[in-house]
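Engineer: Read off the chains here:
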Amino acid sequence: MENRMSAPLWLTWLDLFGTVVFAITGVLAADGKHLDMFGVIVLAFVTAVGGGTIRDCVMGLTPVFWVTDAHYLVLTLVAALVTFFFARIADIPRRMLMVADAVGLAVFAVVGAQKAISMDVAAPVVVFMGVMTAVVGGMIRDLLVGEIPLVLRREIYATAAMAGALVHMSLYGLTGRFELSALVAILVAFSLRMAAMVTNTSLPTFRRRRPR
Amino acid sequence: MENRMSAPLWLTWLDLFGTVVFAITGVLAADGKHLDMFGVIVLAFVTAVGGGTIRDCVMGLTPVFWVTDAHYLVLTLVAALVTFFFARIADIPRRMLMVADAVGLAVFAVVGAQKAISMDVAAPVVVFMGVMTAVVGGMIRDLLVGEIPLVLRREIYATAAMAGALVHMSLYGLTGRFELSALVAILVAFSLRMAAMVTNTSLPTFRRRRPR
Amino acid sequence: MENRMSAPLWLTWLDLFGTVVFAITGVLAADGKHLDMFGVIVLAFVTAVGGGTIRDCVMGLTPVFWVTDAHYLVLTLVAALVTFFFARIADIPRRMLMVADAVGLAVFAVVGAQKAISMDVAAPVVVFMGVMTAVVGGMIRDLLVGEIPLVLRREIYATAAMAGALVHMSLYGLTGRFELSALVAILVAFSLRMAAMVTNTSLPTFRRRRPR
Numbered sequence: 001m002e003n004r005m006s007a008p009l010w011l012t013w014l015d016l017f018g019t020v021v022f023a024i025t026g027v028l029a030a031d032g033k034h035l036d037m038f039g040v041i042v043l044a045f046v047t048a049v050g051g052g053t054i055r056d057c058v059m060g061l062t063p064v065f066w067v068t069d070a071h072y073l074v075l076t077l078v079a080a081l082v083t084f085f086f087a088r089i090a091d092i093p094r095r096m097l098m099v100a101d102a103v104g105l106a107v108f109a110v111v112g113a114q115k116a117i118s119m120d121v122a123a124p125v126v127v128f129m130g131v132m133t134a135v136v137g138g139m140i141r142d143l144l145v146g147e148i149p150l151v152l153r154r155e156i157y158a159t160a161a162m163a164g165a166l167v168h169m170s171l172y173g174l175t176g177r178f179e180l181s182a183l184v185a186i187l188v189a190f191s192l193r194m195a196a197m198v199t200n201t202s203l204p205t206f207r208r209r210r211p212r
Numbered sequence: 001m002e003n004r005m006s007a008p009l010w011l012t013w014l015d016l017f018g019t020v021v022f023a024i025t026g027v028l029a030a031d032g033k034h035l036d037m038f039g040v041i042v043l044a045f046v047t048a049v050g051g052g053t054i055r056d057c058v059m060g061l062t063p064v065f066w067v068t069d070a071h072y073l074v075l076t077l078v079a080a081l082v083t084f085f086f087a088r089i090a091d092i093p094r095r096m097l098m099v100a101d102a103v104g105l106a107v108f109a110v111v112g113a114q115k116a117i118s119m120d121v122a123a124p125v126v127v128f129m130g131v132m133t134a135v136v137g138g139m140i141r142d143l144l145v146g147e148i149p150l151v152l153r154r155e156i157y158a159t160a161a162m163a164g165a166l167v168h169m170s171l172y173g174l175t176g177r178f179e180l181s182a183l184v185a186i187l188v189a190f191s192l193r194m195a196a197m198v199t200n201t202s203l204p205t206f207r208r209r210r211p212r
Numbered sequence: 001m002e003n004r005m006s007a008p009l010w011l012t013w014l015d016l017f018g019t020v021v022f023a024i025t026g027v028l029a030a031d032g033k034h035l036d037m038f039g040v041i042v043l044a045f046v047t048a049v050g051g052g053t054i055r056d057c058v059m060g061l062t063p064v065f066w067v068t069d070a071h072y073l074v075l076t077l078v079a080a081l082v083t084f085f086f087a088r089i090a091d092i093p094r095r096m097l098m099v100a101d102a103v104g105l106a107v108f109a110v111v112g113a114q115k116a117i118s119m120d121v122a123a124p125v126v127v128f129m130g131v132m133t134a135v136v137g138g139m140i141r142d143l144l145v146g147e148i149p150l151v152l153r154r155e156i157y158a159t160a161a162m163a164g165a166l167v168h169m170s171l172y173g174l175t176g177r178f179e180l181s182a183l184v185a186i187l188v189a190f191s192l193r194m195a196a197m198v199t200n201t202s203l204p205t206f207r208r209r210r211p212r
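Protein chains in written order, with my numbering: chain A, 1 to 212; chain B, 1 to 212; chain C, 1 to 212.
It should be emphasised that the hints constitute simulated quantities derived from the structure, not laboratory data. Misleading hints may appear alongside valid ones.
Same chains, same label: a pair holds when it works inside one copy or across any pair of copies.
Here are the simulated SDA-like pairs of lysine to any residue, each with C-alpha atoms no more than 25 Å apart in a straight line [to be verified]:
#1 LYS33 - LEU143
#2 LYS33 - MET98
#3 LYS33 - ILE148
#4 LYS33 - VAL20
#5 LYS33 - ILE140
#6 LYS33 - THR205
#7 LYS33 - LEU150
#8 LYS33 - GLY146
#9 LYS33 - ALA196
#10 LYS33 - PRO93
#11 LYS33 - GLU147
#12 LYS33 - VAL145
#13 LYS33 - ASP142
#14 LYS33 - THR199
#15 LYS33 - ASN200
#16 LYS33 - LEU73
These numbers were taken from a predicted model, which means no experiment stands behind them.
Work out the full structure: start from the sequences and follow the hints.
Structural biologist: The following block contains the structure:
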């Protein structure tokens, strides 16, 4: 939540938490890719703020959030460095990280949707901005390490972000109560993501009928 | 053509047609890449609006066109979903798609050039914006599925877009008649692309002299 | 240096020199990738102006520099074409190119930092903008030809840019003398990069402790 004045404190904290978690997943994506410390920091950065950056650029909200509020930059840097050195000496449990990542996903979807709502754009654009904020960072991260973005083929991931953005937009439109809507939406997106992970559910994949 | 008021109706329709065609090529690029439904929608979206988005961002025309006019988003989504399911049951003739793609290419080049003209930029920038609008979406699509962008090595493709932008800029500058210039330019770009496809003509490729 | 009025002439020349050098490295990256002439021009362009473009977009400095000043576009185009044909008949010494690239790196870092300073952003953002201007173009170039960006794993490269941005910001803040600060900063960044190349020094690479 870039506009810290208007957001409730718990959402600000969750947003910073999401930023840190995404930065950590960026560092860990460097595994086995022979990246140096700088490369790892770049990965952390694009993962943590990539989605929000493109969101702000296409909506004309410039300078983008991390230019006006240097906390995001500094926090990402610290998280990346700590992870860089910590990962050498200790094992970071994958399961814990996946849960934290689901929190980040849910929060970013709501933050992105709310930014779009405050710009007074059409409903499909609001949902789209929520999803973009949540998933684009991870997509660029995967591109940079030479992988087809996981989010394009992973079990319910962007779909959870979409649900979160949709719920927040609807509830906020109906009730006008920001805190309540954001909380419910985050819980919905988080639960959906967790459920998909636990049950290993995926969307159908693309199959093309072969030409004769 | 984002500014629907000033554009002739036929150009608006062609622009929407180009958007749909590009979305379809995005979906089909997912073939064999194990993408899920969401991934396919992302590919459709970046292909259809990627070029125009970067064009608007670098020229400062924000919020970009699909934020202010949600039709593009919805249209792309519908085209992607229809293609996703249709491609499972029927074969989409490659030849037909290539012709439709050539129409999209030609229209996007003119639309991009016109936007730049209305911003009063220098002539090389106008041509560049036409090309960018026409080819960048396809480039990002190819990156996302792990390929070196086809447009970087394919027979006369960007060159056709360049010709279209050049013709439109020149004619419009000379005559001041938008409709006429756009129509001629689209025909030139389309014909050039078709001719290149039929005759399989390419630009020279890069060869480097080996160091001793 | 986009704002040519306020920059000393030597810095403007160095900036154009950096643009040309980066364009050349873009062309040479096409080696062995079966790109056509257009693809090579695209690579030259993204390498030469990619970093500055994203910098201007995220800071809201739009239209970005090469839209308002077409010299960058034309210069890149000429450099790309000359290199394209020259590389067929003559060998371009790799060593000479590496030195020229180090000049470009140093200049772009200072130019980027100065732009951020003129926007009155926080110190970490200034340094970040310097690094981004210097390295992002090369990163996109590598992505487009299907490589994990070299800058993410190469010996001290971005680190030299960071040093340059840091020195310029500090000196300029202390003395208020732009020319002096820029000159010293460029020398520092250039020397650091040269030293790293000659001694083959790298930052530590990422290693993850294996889960049991």
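Engineer: Between LYS33 and GLU147, at a C-alpha cutoff of 25 Å, which is it: within one copy, between copies, both, or neither?
Structural biologist: both (11 Å within a copy, 11 Å between copies)
Engineer: At most 25 Å between alpha carbons: which applies to LYS33 and MET98, within, between, both or neither?
Structural biologist: both (21 Å within a copy, 24 Å between copies)
Engineer: At 25 Å max between alpha carbons, let me know whether LYS33 reaches GLY146 within a copy, between copies, both or neither.
Structural biologist: Answer is both; intra-copy 9 Å and inter-copy 14 Å each pass.
Engineer: How do LYS33 and ASN200 come out at 25 Å by Cα distance, when the copy is not named: within, between, both, or neither?
Structural biologist: Between. Shortest inter-copy distance 19 Å satisfies the 25 Å Cα cut-off; intra-copy 27 Å does not.
Engineer: At most 25 Å between C-alpha atoms: does LYS33 with ALA196 qualify within a copy, between copies, both, or neither?
Structural biologist: between (28 Å within a copy, 21 Å between copies)
Engineer: Treating 25 Å as the Cα threshold, decide for LYS33 and THR205: within, between, both or neither.
Structural biologist: between (28 Å within a copy, 9 Å between copies)
Engineer: Between the shortest in-copy and the shortest cross-copy C-alpha distance, which are at most 25 Å for LYS33 and ILE140: within, between, both, or neither?
Structural biologist: Both ways: LYS33 and ILE140 sit 15 Å apart in one copy and 17 Å across, limit 25 Å.
Engineer: Tell me, please, which holds for LYS33 and THR199 at an alpha-carbon limit of 25 Å: within, between, both or neither?
Structural biologist: between (30 Å within a copy, 23 Å between copies)
Engineer: With identical chains treated as interchangeable, where does the CA-CA distance between LYS33 and LEU73 reach 25 Å or less: within a copy, between copies, both, or neither?
Structural biologist: Classified as within: same-chain Cα gap 24 Å, cross-chain 34 Å, threshold 25 Å.
Engineer: For LYS33 vs ASP142, is the C-alpha pair at or below 25 Å within one copy, between two copies, both, or neither?
Structural biologist: both (11 Å within a copy, 15 Å between copies)
Engineer: As a check of your reading, is LYS33 near PRO93 (CA-CA no more than 25 Å) within one copy, between copies, both or neither?
Structural biologist: within (20 Å within a copy, 29 Å between copies)
Engineer: As a check of your reading, is LYS33 near VAL145 (CA-CA no more than 25 Å) within one copy, between copies, both or neither?
Structural biologist: The answer is both: 7 Å in one copy and 17 Å across copies each meet 25 Å.
In this structure, none of the earlier numbered hints is contradicted; all agree with it.
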